[in-house]
Amino acid sequence: MIKLQNVNKSYQLDDEVIFIALNNINLEIEQGEFTSIIGPSGSGKSTLMHIIGLLDQPTSGLIFINNKDVSKLNDNELSSLRNTFVGFVFQQFNLINKLTVLENILIPTIYTRSKLEFDPIEKARYLLKRFGLETKEKSFPNKISGGQQQRVAIARALIMTPQLILADEPTGNLDTKSGSEILKLLHELHEQEKMTVVIVTHDPNIAATTNRKIEIKDGKIQ
Amino acid sequence: MNHFTFVLKSAIEDFSRNKGRTFLTSLGIVIGVLSVVILIAFGLGLRKYINDQFQSLGSNLIRVVPGQILRSGGFSSTGSMTTIRFDFRDILKLERVKSAEFVIPIVTRSITVSMGKGTEPATLYASTADIFLALNLKAQHGGIFTKNDVDKRSKIAVIGPKIAVKLFGNEDAAIGKNIKIDSQTFKIEGVLEAKGGGGFGGPDLDSFIYMPHTTAQVFNPDKKFYAIIVKSKSDINIETAKQEVKTAMLKRYKEDDFSVIDQAELLGAIESIFGVMNTVLVAIAAVSLVVGGIGIMNIMYVTVTERIKEIGIRRALGARTSDILLQFLVESVALSVLGGLMGLGFAYLIVFFIQNFFPAYIDLNSVVLALGVSSVIGIVFGVFPAKKAANLSPIDAIRSE
Ligand SMILES: Nc1ncnc2c1ncn2[C@@H]1O[C@H](COP(=O)(O)OP(=O)(O)O)[C@@H](O)[C@H]1O
Ligand SMILES: [Mg+2]
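Protein chains in written order, with this note's numbering: chain R, 1 to 222; chain X, 223 to 623.
Read the hints as simulated data drawn from the structure, not as lab findings. Some hints could be false.
Said to hold, decoys possible - Where chain X lies over chain R, by a calculated footprint (3+ residues, C-beta under 8 Å): (1) 33 to 44; (2) 50 to 61; (3) 78 to 87.
All residues carry an ideal CB built from backbone N, CA and C; glycine is no exception.
Here chain R stands alone, though its shape is the one from the complex (with noise of 0.2 Å):
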């Protein structure tokens, strides 16, 4: 489903030293997989799945989606594989503080270009009320616990029905049972919705739960 190919990217930090943040990276991930990408803080874990959720351009190398060729979309045709075919989640939940849970959840909604086939706001109640949230619906992301924001963010990242949801520590800024019980979301996703994940992490206990796992230090795939 993604590949990517002789993928680098690296940051001009003055005008001597170019710091190389991905080294090379050839992967592909297959429709279904559960994967995991584990490394320590700074190895590149982060850069790597914003260029996967083409949110970020690799400095060299080819990107392909479903075989296609991305690195010569324009803004406007990334914005909408960014909208379509990618959802976020993020380890600092990354929602609107002054937009209501319903709200957040329904963003995703108001830039697509293209016909929505079902009712956002139907779909935005029916995830929430599958997240156990049903009463959340017109609070504010800073009036809920982190557990709850982060599956208010889970939500907003399927409201599209993505084929590709890359998370990115999502259990990072969550106590122990407000972690795992997200990992189990994600993991339901999975099995029962068939739903491609990629998890970001440097946790091994939480790589040890998918069923494939990258490694990555100092931007190079082990």
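Let chain R serve as the given structure and place chain X with the ligands on it in line with the hints.
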């Protein structure tokens, strides 16, 4: 819910959460719109006031006055102090003009009227009996003077209601009483209906004292007239009538010695003065609108900086650059229009109070103008901050703290 209504709704919710900041930001627009709308309301009121004044003077009137009082759309500052004065020969000549219904001479002077111990300044306005018809004057108490009074030089006067009240306490009491002007005694024949007016430098018609011009010759021994009013026949075009009057006058006077004017022309001259005044005032108001716009631009730059993370989140969820541009543009326009609406609201309040003593009013054009101008300002001054927001790179935005 489509994108636009969603964005508009969240912008408005944002403003209601930050009422103080929203108000301060749009203050420039509030003041700008307020002053433009008030100025226009005053202009409209003034125009209406002047129109009403002219209406009350009657229509189809042509005035022949000495000198050049109008020049290319404005009042002439020179030339009105000419030496010529009209006399009875001019009246006779104008009476032969085909389109003239009647011709009346005008003698006017500033005088002091006394009655017992009290004295009052007033304006003497002497003419024929047709003056009441021409100027639409009706007696409220008593009567007016007649052609017979003019022929007999009756020592009578018809006075305005204001001067009547000043001299006699009430209008009724004046009838049949005597007044003295320069040691001459006149009997009051009637008191006229109020015409309004006065103030703003205009003639206070209600303080005029009317008498036959023949009677007034005691104050006007050389029998010259200050002006001549010609009432044209109602079925005749006023321009034709004016041309005929002018031709008749040219037989005796040079072109520069006199002016032939009608209401519309006088009104036009006054309006062109207001036009200049309005342009200056509107320009001043425009400056405050621009200052208001710059205020909005500033706050929008601050907003964009504060919300870089939000922009990154929206981009990660599929927002295009144009979506972000639209979002911030809608916010700046909403902010500006909100200021416009507040300005309009304050203007309504102020005009409401002003209406107690002046007929200022806000018309639909002002409302459209206020909202149009504030939208344009919102767009013009919002577009730079919105462009900045739209052009942020998604990854830098979402990685920002
Ligand atoms: N915009 C940038 N400029 C310079 N260095 C960056 C930038 N973004 C990320 N990096 C660096 O790239 C490395 C990898 O970052 P990241 O992918 O966030 O690591 P991880 O998620 O594995 O902790 C880090 O050392 C980070 O400092
Ligand atoms: Mg990271």
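Here is what the structure says about each hint:
no. : hint     : in the structure
1   : 33 to 44 : violated (count 0)
2   : 50 to 61 : holds (count 4)
3   : 78 to 87 : holds (count 5)
Of the numbered hints stated above, the single one contradicted by the structure is hint 1.
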